[in-house]
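Since chain A is already given, all that's left is putting chains B and C on it; use the hints.
Protein chains in written order, with our numbering: chain A, 1040 to 1398; chain B, 394 to 658; chain C, -9 to 270.
I should point out that these hints are in silico values taken from the structure, not numbers from a laboratory. Incorrect hints may appear among the rest.
[Said to hold, decoys possible] Derived list of chain C stretches under chain B, where covered just means 3 residues or more per stretch with a C-beta under 8 angstroms from a C-beta of chain B:
id : stretch
1  : 43 to 50
2  : 113 to 119
[What the hints assert, rightly or not] Every beta carbon over 10 angstroms from chain B, so not counted as near; a handful from chain C, in silico:
id : residue
3  : Asp53
4  : Val123
5  : Glu266
Note that CB positions come from ideal geometry on N, CA and C, so glycine has one too.
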Amino acid sequence: MSEPAVRVRDLVKTFEVTRKSPGLAGALKGLFRSERTTLTAVDHVSFDLDRGEMVGYIGPNGAGKSTTIKMLTGILTPTSGDVTALGLVPWRDRRAYTKSIGVVFGQRTQLWWDIAVVESFRLLREIYGVSEADYARRMKVFDDLLDVGRLLPQPVRKLSLGERMRCDLAASLLHEPTLLFLDEPTIGLDVVAKANVRSFLKEANKLLSTTVILTTHDLDDIEELCERVVLIDRGQILWDGSLRGLRDRHLPEARIRFDLNPIPAGDPAELSVGPWRAARLSQGRYQIVVDKREVGTADVLREVVRDLPVLDLAVGEPDIEEVVARIYRENAALRRPGAEALPEGGAPGAVAHRGVRRG
Amino acid sequence: MRSLRFHARLLALYFAQYAKARLAYRADFATAVLASFLGTAASFSVVLLLFSRFPHLAGWSFHEIVFLYGFSLLPYGFFNVLSGNLYEFADRYLVEGRFDRILLRPVSPLFQIFFESFRLESLQEVLTGAVAVAWAASKLPGLSPLGLALLPLWAVFGAVIYLSVFGILTASSFWIEDRVGLAPPVFNLMAFGRYPITIYDLKVKVLLSTVIPFAFASFYPTTLALGRTSFAPFFWAVPAVALLFAFLNRAIWRRGIAKYGSTGS
Amino acid sequence: MSTALAPASSPFAFARPYLAFARTSFLNLLAYRARYFVGILTYFFNATVWYYIWRALFHEKGDGATLGGFTFPQMLTYVATGWALRSFYFNEVDRELASQVREGRLAMTLIKPVDIQAMTLSQALGESAFRLVLFTVPIGALLALVYPVLPPASPAAFGLFLLSGLLSALLVGAINFCVGLVAIRTTSILGVLRAKYLVLELLSGLLVPVAFFPEPARKILVWLPFLHMNDTPGRIWLGLATGADAARALALQAGWTVALLLLGRVLWNATARRIEVQGG
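With the rest of the complex left out, here is chain A:
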């Protein structure tokens, strides 16, 4: 098969941080010397991105997401490890590399604040050496997909967040990059704007077969856009694979929720259904949490319907937020000094996957 678009191997980034001593005496001391400690932000991270792939890169605040992205975009130089992206080393061949990547920071615009959007586009056209014909053609596409046409004459500072993000997306794709980095592209957007951005990204990914790496807090982004997620916490990759696989591995639960009529006598907090227990959620409503590794959901359902006067019934899975929250918690517990060893197969803290090395 062809060379991957991005190849990351054993990427490490450590920072020296200055500790400020508190108070007046501390500040006086800081006038002459300061204490330093080392912090590992990214700890032996490895993965490949195939051409045309759209990957979600997720993790809690301070997990090392944006440090990784900054290394992949060439802003930061790693402490050790290798990255080859589009055949280049991002931080070493930065100027050449930036011509074939696009970067969107959800929190910061790449457009010039005081001038009209269209003027920003003209500057970018010049900077990236886009021909008039290409420019006109692409602007037409952006107008069709993102409806940016009517925003062009306005200065950026007058745009709403959603409008600005649409313009930013268009700006980052003006030079048709082969690799697109999106850092929190839906942050702060309302529901409609989020949907717009997502459908555009899907379209653009299909149309241009751009490789996209997306960091986000909003796991709905991932669920809608990405086949594959890379989950990072405390600088290490905990999961690299499909979203479904992540759920099956970490929280293989089904939740059977049912309403009873009549309400059982005494409105008990718990009901027994065969060997399982149903917990009361509200009056007449109960829930059974099924561990899918032990039993089939259908088996439990059958018994529920047989034994109880069920009026209504629904089966659900934990949403991805919950799965991820649990992984973070378990990972934190695992690393707490003196933490008990977790039961085998119960809660894997870090999963070795695709040749990822654990530190």
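Relative to the frame of chain A, chains B and C by itself:
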């Protein structure tokens, strides 16, 4: 040379965009020009107050002093037009994180820092300086035509010297955690170069010709026109000094950017 | 701790938040060590330029001459006290106000239960207290060591100089508060502030004593507040203003301070109304 043409086009475009945005608020721009002019008038008044009382200062006539001071406004004005971003670099680019964006564009970072914003109103200084030089020149007989002809070019070299020195000082923000940086205090030192260097003693002369070469930006460039032949070697050294400091500036920015790449701040 | 300075039960309890502000700006300043060392040198260099300019001018006149009523040592002393004073009264209250507006923080300040002018002024005084120890005294000592600076004319002159210097700091705080409030109405705030420095350096007598101004300008200048930033304390140190003269100068200085504080209050009320209407 393609790169030169690319950068020249880009510069013109940056400037046009900036001017357009700036002139959209005409009253505000007028205020800025007025404020800028008031500042220039105030510092010019100091020279007039002091030196109009004396026919000579250390062998320099009043008109020569005006000539010198007027000329000093040319590189100073050019510098001010381009230095708007330098002054706020630490704050706006490093603290607010805009520098990441600079690194993500296929254009020299230093070029972007210098030319992303302009202080248009400082063109007023160039104009005021030119008027002062012209007036003083009309009162001074026997100025060297070659010296006069070279003044504009030497003013550009002077601006390069100022920009490079302040570029270097601004780059210190890569290493020193300080929102303001070293530039503002040294800014005041430009005043040194506005008077005949002969009034200072050796230590100051050496300082102004080496570490902080402001004498090469505003004093030495006038000496050919004013017929002070003893300064000829210094006059002709101006382009070399400008290039030297420009290279130094570039080298230090490279290191600064490398440092930024390794620490992210 | 601010509590140590003013326990909650004390009659000075009202001052607590202001002391905390003063302390915070003090600590912030200490954090900037690079600027500190360069700052000291800059004041020294500035005084040095003027040492050479005056030396050249006095040299033209011949040794032992007086210019504008100053002998060379007196002029030099005037320059040294001037720059030392500047290192004391300097503050960036106006710039701070401006950046609060630019970042939209002023509206937040509005809802805090403190008086903004008192807060700003306590910040300015906190800064001055810090500057006195870390800038003014070392700079003064350095200048006195390198150049033949004259001692104060008398112990009384020194006492009055200290009083006048303190008033300068208050006066500059009051002026900068007003300037900041005017500057935020333009978008070229930094341009306005930069012009302010150049104009005030001229009008305060820092660069050229008032005696050097042409007669009409002098007549106007003595009725403006700016000379009280530099010229008044400088002349008191030299003994050029003593007795009734000194008392009159100090009274004018204090009067101007009060007047400008009141002006600041009026401007602030107008600004606050504008922010409430338009948003900060």
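* Asked: Checked against the structure, which of the hints given earlier come out wrong?
  -> 2
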